[in-house]
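Dock the two chains into a complex; use the hints.
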Amino acid sequence: MTETIDVGLTGVVGPLGRVVATERKPNTPHEFHFWTALDSPVGIGTIVRVEGDQPVNGQIPEIYGIVVEGFSYTDLATPLHDVLGHDGTPGGASLAATHRAEIRLYTAAVLRQMPEEPLQPVPMGRVYLATNDDVAVALRMDGYLRGEDSTGIPVGVYRAGGTDAPIYLDADFLIGPEAAHLNITGVSGLATKTSAIEWILSSIFAHFPEKKGSVAALCFNVKGPDLCFLDQPGPIDEADKTLYEKCGVPAGPFEHVQYFAPYKPDGFSLNTLRSNEQLLGNVSSLTWGLREVLQYAEVLLNKDDVDAKADALIDFIRERVVDRDFSDALLGNKSYRVRSFADLEEWFKDVLSAMETRGNEGWRTHHVATIRKVRNRLSNISTRCAGLVTDDGGVSDLPFGSFQDRTVYVIDVASLEEAAQDLIFARVVTKLREHLEKRDLGVNHVIVFVDELNKYAPNDGPETYVRKMLLDLAERGRYLGLVLFSAQQFRSQVHRRVVGNSGTALYGRMDPDELATPGYSVLSPAVKTKLATLEKGQLMVRHPHFTQPIFVRFPRPAVMRGRDGAERYPQAVDVELDAAVLRSLRTLDPSLTLGWVRDTIGIREDEEVIRARNATLRERPADVKKFFQSQLRPVAVTHTPVRPMAPAIRSAPTDDPYGF
Amino acid sequence: MSANQPSSLTATQADASFRAAVRLLASLMPDAAIATGAEPPLESLAQATEPPRTVGAIIIEDAAMRVHRVFEPPVAQFAAFLDGTQASRTLYSCDDGTPIVHGTAAAVIRERRNKRLYTRRHIVEHRLYANRRRVPKGVWTLLVETGLELRDTAEEDGDGPHPFVGRDAAIHRLQRDRENAEHALAKEWCQREDQPLLIDGGISGIESVARSSCAVGVIKSHRTLYAEGDALITIFALRRGERSSVFRVASERRTPVASWYLRLRDRAGTDPMWGLVRVEVAHPDRVDERAIGARADEVSRWILAEATPVSLPDGRWDKMVYGVRDCEEFLRAVI
Chain B
1 MTETIDVGLT GVVGPLGRVV ATERKPNTPH EFHFWTALDS PVGIGTIVRV EGDQPVNGQI
61 PEIYGIVVEG FSYTDLATPL HDVLGHDGTP GGASLAATHR AEIRLYTAAV LRQMPEEPLQ
121 PVPMGRVYLA TNDDVAVALR MDGYLRGEDS TGIPVGVYRA GGTDAPIYLD ADFLIGPEAA
181 HLNITGVSGL ATKTSAIEWI LSSIFAHFPE KKGSVAALCF NVKGPDLCFL DQPGPIDEAD
241 KTLYEKCGVP AGPFEHVQYF APYKPDGFSL NTLRSNEQLL GNVSSLTWGL REVLQYAEVL
301 LNKDDVDAKA DALIDFIRER VVDRDFSDAL LGNKSYRVRS FADLEEWFKD VLSAMETRGN
361 EGWRTHHVAT IRKVRNRLSN ISTRCAGLVT DDGGVSDLPF GSFQDRTVYV IDVASLEEAA
421 QDLIFARVVT KLREHLEKRD LGVNHVIVFV DELNKYAPND GPETYVRKML LDLAERGRYL
481 GLVLFSAQQF RSQVHRRVVG NSGTALYGRM DPDELATPGY SVLSPAVKTK LATLEKGQLM
541 VRHPHFTQPI FVRFPRPAVM RGRDGAERYP QAVDVELDAA VLRSLRTLDP SLTLGWVRDT
601 IGIREDEEVI RARNATLRER PADVKKFFQS QLRPVAVTHT PVRPMAPAIR SAPTDDPYGF
Chain H
1 MSANQPSSLT ATQADASFRA AVRLLASLMP DAAIATGAEP PLESLAQATE PPRTVGAIII
61 EDAAMRVHRV FEPPVAQFAA FLDGTQASRT LYSCDDGTPI VHGTAAAVIR ERRNKRLYTR
121 RHIVEHRLYA NRRRVPKGVW TLLVETGLEL RDTAEEDGDG PHPFVGRDAA IHRLQRDREN
181 AEHALAKEWC QREDQPLLID GGISGIESVA RSSCAVGVIK SHRTLYAEGD ALITIFALRR
241 GERSSVFRVA SERRTPVASW YLRLRDRAGT DPMWGLVRVE VAHPDRVDER AIGARADEVS
301 RWILAEATPV SLPDGRWDKM VYGVRDCEEF LRAVI
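Same order as they appear, the protein sequences are chains B and H. Going by this note's numbering, the first sequence opens with residue 1, and the numbers climb by one from there. Going by this note's numbering, the second sequence opens with residue 1, and the numbers climb by one from there.
Isolated chain H, as found in the complex (with noise of 0.2 Å):
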């Protein structure tokens, strides 16, 4: 069951969240132990699976990684951002272990009219999770018959027994529904507008979004770094107001993008990634040093305008701007 609609809910619409399906499961199984809704989310509890690496990255503006100082002032440019979230919950665990999750992806993009963000499109979509192969044929039954949409995590899931295989399969498909949500909303709006918009993570998941010139990305997580030996040292050197020479991302599955590294704040403490986020952008169909290393410069300033009024009290406020921390406030008051 999926909710798409411009702004709000309607109560004619069937309810799919949490608690309405722990409701109707209730109703169908009533014997069973249903989740009580005090349950943390299963986000909270899973560890990241990614292990932090370096990697390099083939530099496309200078001959060797160097910092840039973004001269002109900042000067707010974005139209419009886009972030995504995602919560799940287990709603009922099989005799041996195997977990029902329920799953609500999210994505929004709030639009800037007059310093104001408002909502410009949402969707919200609440899912059950499960391996079919693993849950009893009657169970399954019982859940179709909920009429929620079920997501058979079989593709993720390994034959594995412990029940913490079946959350992270339920958690890593939901998160596929999530950037799904996200580059449906960053799809449009490449489609529909030319005003630049700010992505909370990268832009290479899906092409058209990826060539657009109207599509920048912002990357907070560094478990990945795109640098290594003296290119590191020069990324961790940079100070507030200062960039990396761009480079090239490009992986096998995804779109090549350029990219660059920008500080937003001071360091402050041991942290060398305090304040620092990776740009990206479309790549250039033709590498020209001067034109790749102004469009940085550009996007650099857009990005530092937007380092107020800063994000607190959100944890990662050095890095995260603040239409981003909007959007994440509006998807908590939503899904």
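So here's chain B without its partners, still in its complex pose (with noise of 0.2 Å):
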């Protein structure tokens, strides 16, 4: 008997399985079934290419699918019948000499067919498992993998049987013009969101197409130490290593990273879990004054605190006032230049007092009642937020207009007001905005990564500030090159213009009650039991070029764990305000003593000193002791006078009839 060696149209030795259908389990054009051996390596999410038995139009039809079910049975008719067979033992079952006819039939959804045309049910075939080159075909990525002119980003490995490729996504689909955006769930705990949000941006500092233009990165690190260390290397086994290889990712930290935080309300130690004095060398604060904040005031002020009077003395405020030379009869033409909370604080007192004065209930067609309130309402902001807005009207703020390429940008807001947190976000995206409009932000495309999406961006609630930004951000951000990757526990929570224009989604472990969701029902019951039980590093992902969902492995990011960068660096105390300055300015140049800044500060206030150590670290002077000198008001040198010593008085003599 000769033995023939199947090696089907790629030469891959041997097919898995064969194409079967029935009447009542048809096989349809975005569906089909297949048997194989029991020890074959197929399972859930695996890939498998068909080869037809007849040519159609000339040409053996090829179909690529991916295994979304699974069936296995025996020649049984009823379980009865298996206990029957061993008299109701289990044990006996193993005392059988023969194992009872089993098999394993499989249901597959097509990826693509070729020819594409005429589309036709799945033929009966043969069924191989899916090579390298198969699965570039199968998942169309062949239209985007074309040497110099490539868009691949890496997003992982997929692995099945012998086969170990990398799947790219598009980058003109992830980052722009085409689609955009990228959101990723996942139940917490398994460090599987932030890892791989981590891990698909080495890959897209390290394959971005240069032709199209410069990224960077700017992440919102809500909660812990998440995204502190981004700059420190992290342990990675060589299964990693191998998976880094495969990609073409180096493995390594992130090489260039700035961390922003504000103050404390202190206002002198920042608010960061990244205050080790080590590390604070790309920290900077992040200080906005009246005129940033009062833009955004409706992120801060509710619907309630801002109606129409109120929302009209705003517009006065921010029009007439701020930044202006302002003066009024009412207010005898004192001339007023507002600057600072502080400022706008002595301009409300003075309006109030000459309405009082004068007893009038309006002025410049503002009634009392709405001066008061928006008074309470402003001032008040500087208190929530403290730290952040200053009430000297000191600015620190984000590179704005000199972005640079492949550089993340870390904003630390997780021990903030959710109030200040709001703020950030909202002045710090339009900033992005109006800057990529104007381009004129230093570079073309920037990722902003926001994690806790569902808190952010709900399906339900009120309608938000941040929320309508981040839907304006999701459907028209990819046209300037401003790209949305969110991450949140429940997709379901979500709300679905924001999950909806993701052009690529990414699921790792899922909760079963958020699998049991709507939005689940595409998928089949045996891949979600697959998504439930996800292993770390293991992703589902949905592009646009995919007609299915794909699982891939991903490494471990090459970057220090925020766990463990918390214990290795750890947050710097509480310190005296001379420490805190010593700590800031030595960024800037570390042959600073605390005596020497103890000797400069003296018996300054602390908002001086502050206003100076802000200003220092704002300009990065050379001579930092000068400059910084420089910013401190001089102090008037004491001079004890010296009272001239006055002649003694001569002593009267002791017969003299006057003295006394």
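Treat each hint with caution, since some may be false.
Ranges between beta-carbon positions, derived for each pair [said to hold, decoys possible]:
| hint | chain 1 | residue 1 | chain 2 | residue 2 | range |
| --- | --- | --- | --- | --- | --- |
| 1 | H | Asp96 | B | Asp39 | 54 to 64 Å |
| 2 | H | Asp266 | B | Asp511 | 47 to 57 Å |
| 3 | H | Arg23 | B | Glu102 | 27 to 37 Å |
| 4 | B | Phe71 | H | Pro272 | 38 to 48 Å |
When the alpha-carbon atoms are kept at most 35 Å apart in a straight line, the in silico DSBU-like pairs for lysine-lysine are as follows [as the list claims (entries may be wrong)]:
| hint | chain 1 | residue 1 | chain 2 | residue 2 |
| --- | --- | --- | --- | --- |
| 5 | B | Lys25 | H | Lys115 |
| 6 | H | Lys115 | B | Lys528 |
| 7 | B | Lys241 | B | Lys334 |
| 8 | B | Lys223 | B | Lys264 |
Hints listed in this document are in silico derivations from the structure and should not be mistaken for laboratory results. Keep in mind that this is a model prediction, so the values were computed, not measured. Positions of the beta carbon are idealized from the N, C-alpha and C atoms, including for glycine.
Written out as structure tokens, the structure is:
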């Protein structure tokens, strides 16, 4: 007997299955069934290739599919027969001389048919495990992996049987302009969401085509130390190194990272877990003054606060008062230049005082009650956002206009009040958009990463400014190069338009309750089961080019995990003002000493010292000492006046009759 | 036309299946009423012709038929299982009712490796069966033109005009073809292998197999019982794991074999033959009572080991070993 070896069209040895169809379970153009040997490496998520038996238009049809369901059964008509066969003794099963005939039957969803026309039901044929080349064709990656013109961004490695194929996303559909945005869902605690984002950012920085321009990432660190150590190396094992090599991504931490964090309410200690002195070199403060905040007043003031009348007054202040010379007859034509919350408070005080004195109920169409209300709300902002918003108008901001290519900018908002978080998000994203519109940001594309999206863009609840911004970003950002990478635990609880506009969706291990929601009804029970039991480092990927979700493995990010970083670089303890100033200025000049700072500060007020420190950090002068000193008001030298000694009064003669 | 290949039909070979034959004949006889394919197999319509009977047998183990307990535990020793099947349908009826029958005979050996059964070799043969004397010349010529192998059933068929006569003759001829296929596989096994082969049915039909030490026949049907009187009562009284004394089965046209009854399962209900099988092995050249008894015990242990897994949902599961059911399932899939 001559044994023939079936090598298929692509030379792969041996088919692993055969397509089957029955009247009750027919094949369609989008789904087919096949059986395999019991020991075949096929599982849920495996990509297979079918070679038809009959040519269509002179070409043997090839169909690519991904396994979405599996069945196994024997020739038993009812379980009772097996019970009878073993006299009700389960242990007897091992004594059976023969295993029952058993089938492994799989259902696969069609990824692609070649030729693509005419689109026919999947024919009978042999089923082969997909090779690397097959995977590229099946997922239509062959369309954008074209040598130097490649726009592929590796998202992970597909593994099945002996196949180990990198899976690429199309940069045109991930960063724009064709489609954009990425959303990742998964249960908390498995380090999947943050790790996946870190990995994909590394991959983008390594593979984003230069001809498409520059790209930077802006991450909001919303919880714990998650993103606080992106520039520090973390341990990875050999398996991860292999994945990095396979995907052509350097296995190292991010080379360029800039951190930004507001101060604590004390105004001089950075409000971040990355406050260890050894890591302060690339940490900058984030502080805004009245002008920066007033533009986003509606972020901080809810609708009950800001009715039409209040809104009109805020507009008036913004347009006519802030940063302008202002005078009014009511105020005795005194000239005002409002630059800070302190100036504004002074201005309010004078306006209200003048109205009371004159008994006026209104001023410039604004009722006194409205003025009082707006004063109350605006003054409150500097209290609610203390550390971020300065009374004195000092500004330390992101480097809008000089963003660097392949750089990660992290804003640590983890320890801030919700209102302050919202304010930061609203202002930063607005500024990014403004600069990208004017094309003067410094880079062509910015990826904005927002975690806990179900908090910022919930499906229900009141309309908030932040949600409106996220919707706008998701719907129009790709035209500008502003890309949203978002993450959440429950995708079903995020606004549909935000997740719906995400061209690429990643899924880590999912909560079964979440999988029971209608949004996942398109997935087969087996895929859902796989999603509910995914290991760390595995993802399900949906991408515009992939007609079905694909499972991939990705390596652990080569950066220090937040928890490890927090242990290795513990947060700096709160210190006195002089030590805090030293800590900040040492990032500019390591030769500074505490003694010099103390001598320089002397007895000056805290506000003045902080203002000088902020100005120094902002300007980053060559001579730190000199500049810092120049920012402090000179102190008059105290001279103790020396009183000339009065000549001693001559003592009266004892016999002087007029003496006393 | 016969298909005799290792394990699978290839597309390049002529398709001689029933449907293909229907299509072929319809193209040659466009106005004729050809079968639609919805007809049931003739085997399900034909009545068993062999009358039930009891036959006295020469007991070679004991002086009289008695019960032997198989004490040693069952042990799986069969390396393979052999079974055959047949299926026939009337393809066309001549004007006088003479049937032209399409018949398929098939047989398979399923070999056991690591507790799973794999096809070692199988035979599938498709033919047309008709009585040449009763088929109009023109039709016979057309049948020849189909290229399908034709079997003239005139030998089995009398000249009776009743269409059932022709039908039964075709079935009998097909039965012989099926037995030939089984014998071919059994003979090949016995020539090449020394491992035990369980054959569904008797082994006396072909001498080389009947004399082989590796062939064991297991008969499930008991239209002929090889015991009479008290011996029959003894056989019916067998309990699970018990066998009868060994006796000799011989007939003029068949090779003598040693045989005994074995109860695979305890009797349930009123059927005295529930779980009862008759076993055939090669007859020893020189009858040694102890040796033949030991051989019967040994083979009985092998067969008892095949009682699990049960062959449900087959209606004959009380007597059918799973390996034979597996052969039947395989043949059902390929014919």
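For each hint, the structure was consulted:
1. Between Asp96 (chain H) and Asp39 (chain B) the beta carbons are some 58 Å apart, a value that agrees with the proposed interval 54 to 64 Å.
2. Checked against the given bound of 47 to 57 Å, the beta carbons of Asp266 (chain H) and Asp511 (chain B), roughly 53 Å apart, stay inside it.
3. Range check, Arg23 (chain H) to Glu102 (chain B): about 35 Å between beta-carbon atoms, so the 27 to 37 Å window is met.
4. Between Phe71 (chain B) and Pro272 (chain H), the C-beta spacing of about 42 Å keeps the proposed range 38 to 48 Å intact.
5. For the hint pairing Lys25 (chain B) with Lys115 (chain H), the CA-to-CA distance comes to about 30 Å; that is within 35 Å, so the pair holds.
6. Between Lys115 (chain H) and Lys528 (chain B), the direct Cα distance comes to roughly 34 Å. Compliance with the 35 Å bound is thereby established for this hinted pair.
7. Only pairs whose Cα atoms come within 35 Å are accepted, and Lys241 (chain B) paired with Lys334 (chain B) is rejected, the gap being roughly 70 Å.
8. A threshold of 35 Å between alpha carbons decides the hint, and for Lys223 (chain B) with Lys264 (chain B) the separation of about 16 Å falls inside it, so the pair holds.
Hint 7 from the list above is the single one not met by this structure.
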